[in-house]
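Q: Keeping the supplied structure of chain A fixed, place chain B upon it in accordance with the hints.
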Amino acid sequence: MSGAEGARAASGNPRRSFFQRQLEALGARFSILDDGPLATDFGAAAAEREQARQLGLCDLSSLPRIGFKGANTAAWLAGRGVALPAESHRLARIEDGLLACRLSPGEALLLSQPWGSSRLIKDLERAWNIESAGLCFPVPRRDSHAWLALLGARVPTMLAKICGIDFRPHKFADLTLAQTQVARTSAIVARADVEGTGCWHLLFDSASAAYMWHVLIDAMSEFDGRPVGCAALAPPGSAQ
Amino acid sequence: MKIMPCPLNGPRNIQEFICRGEVRIPPAADASAEAWAEYLFYRENKAGIVREWWCHLPTTFWFIAERDTRTDEIIRTYTFDALDESGSGR
Numbered sequence: 000m001s002g003a004e005g006a007r008a009a010s011g012n013p014r015r016s017f018f019q020r021q022l023e024a025l026g027a028r029f030s031i032l033d034d035g036p037l038a039t040d041f042g043a044a045a046a047e048r049e050q051a052r053q054l055g056l057c058d059l060s061s062l063p064r065i066g067f068k069g070a071n072t073a074a075w076l077a078g079r080g081v082a083l084p085a086e087s088h089r090l091a092r093i094e095d096g097l098l099a100c101r102l103s104p105g106e107a108l109l110l111s112q113p114w115g116s117s118r119l120i121k122d123l124e125r126a127w128n129i130e131s132a133g134l135c136f137p138v139p140r141r142d143s144h145a146w147l148a149l150l151g152a153r154v155p156t157m158l159a160k161i162c163g164i165d166f167r168p169h170k171f172a173d174l175t176l177a178q179t180q181v182a183r184t185s186a187i188v189a190r191a192d193v194e195g196t197g198c199w200h201l202l203f204d205s206a207s208a209a210y211m212w213h214v215l216i217d218a219m220s221e222f223d224g225r226p227v228g229c230a231a232l233a234p235p236g237s238a239q
Numbered sequence: 000m001k002i003m004p005c006p007l008n009g010p011r012n013i014q015e016f017i018c019r020g021e022v023r024i025p026p027a028a029d030a031s032a033e034a035w036a037e038y039l040f041y042r043e044n045k046a047g048i049v050r051e052w053w054c055h056l057p058t059t060f061w062f063i064a065e066r067d068t069r070t071d072e073i074i075r076t077y078t079f080d081a082l083d084e085s086g087s088g089r
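Chains as they are written, first to last, in numbering that gives the first Met the number 0: chain A, 0 to 239; chain B, 0 to 89.
The following block holds chain A by itself, in its conformation from the complex (with noise of 0.2 Å):
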């Protein structure tokens, strides 16, 4: 689907991604995922593949997401399957390919993947009611966040000029998180590296999306980096 097109099914379709008159300016081709826009690629896959493992940044915006929060969370969870990692700051890999992150003792946020299914996320929206779920509450994350995923060996060296945290490899591990400021913007930035190419999830206030965009994009530049599409991201067991 090309860009014109993209925007036409996104038009018909209540959900946008927060960067769409970026990535529609920059010719992506979109497809509908989970009721929301994905951009899949610009045109050209394979070297956007190639990209990825260098410098890329992909826009996640529109995949199912949701935290939940309070002192019961993670028993609430545990309860429907959800086993979160022991320690605050670190993510696991559960089923359909989500990521399950502890950002505090009394905190979760569970990310859904291009290429899995979102369907323990719904099952979690719809089994979550205040009576039997005590001391945890969800918080919707898919609206109020924007998500993008930051791809390939030279991501630290980009980020150590907008962050304050060392991002490379053997300082902050693959599945670590770290909730702290990115371009002076309060961000989560979550390792889970895809295949062999780290990947750096990063979510922030949906309303700085422009800002974030204009300034990753100028961090980029000075190495060689660029939009890809979620195509790009590859999903495990497909390593070309």
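Please keep in mind that the hints were generated in silico from the structure rather than gathered at the bench. Treat the hints loosely; a few may be bogus.
What the hints assert, rightly or not - Some, not all, of what chain A presents toward chain B, calculated at C-beta under 10 Å:
id	residue
1	Ser87
2	Ile161
3	Gly163
As the list claims (entries may be wrong) - Straight-line Cα separation of at most 20 Å, SDA-like style, residue types lysine to any residue; simulated pairs:
id	chain 1	residue 1	chain 2	residue 2
4	B	Lys1	A	Ile164
5	A	Lys68	B	Trp61
6	A	Lys160	A	Asp223
7	B	Lys1	A	Arg183
Each residue gets a CB set at the ideal place from its N, CA and C atoms; glycine is no exception.
A: The following block gives chain B in isolation, referenced to the frame of chain A:
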């Protein structure tokens, strides 16, 4: 760059935090009007080691920091749970 040791997030740039003033123990509900006025409207503004509320903004995590106002040195940080009934950190 000044570093604040956050009990939840570890050492971070001080720009990620906001200070919300002295830790103060409220008077009893039936305390005198003078005691409530003291609590609501007056601050000690001490030159020395003070206990303050700080918040890590990306996580909205509140904790207590002991800071020397003469040198701006952060002595230690801990969560509210570590505050005993007298208002001292354990």
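Q: Could you run down the list of hints and mark each one as holding or not?
A: Status of each hint after checking the structure:
Below 10 Å, beta-carbon pairs count as interface contacts, and Ser87 (chain A) has one with chain B at about 7 Å; its hint therefore holds. With a least beta-carbon distance of about 12 Å to chain B, the hint placing Ile161 (chain A) at the interface is violated under the 10 Å criterion. For Gly163 (chain A), the suggested interface contact is upheld, since its CB lies about 4 Å from the closest CB of chain B, less than 10 Å. Restraint check: the Cα-Cα separation between Lys1 (chain B) and Ile164 (chain A) comes to about 14 Å, which is no more than 20 Å; the hinted pair holds.
As the CA atoms of Lys68 (chain A) and Trp61 (chain B) are separated by approximately 15 Å, the hinted pair is consistent with the 20 Å bound. A threshold of 20 Å between alpha carbons decides the hint, and for Lys160 (chain A) with Asp223 (chain A) the separation of about 15 Å falls inside it, so the pair holds. Distance restraint check for Lys1 (chain B) and Arg183 (chain A): the Cα-Cα separation of roughly 15 Å lies within the 20 Å cut-off, and the hinted pair is therefore satisfied.
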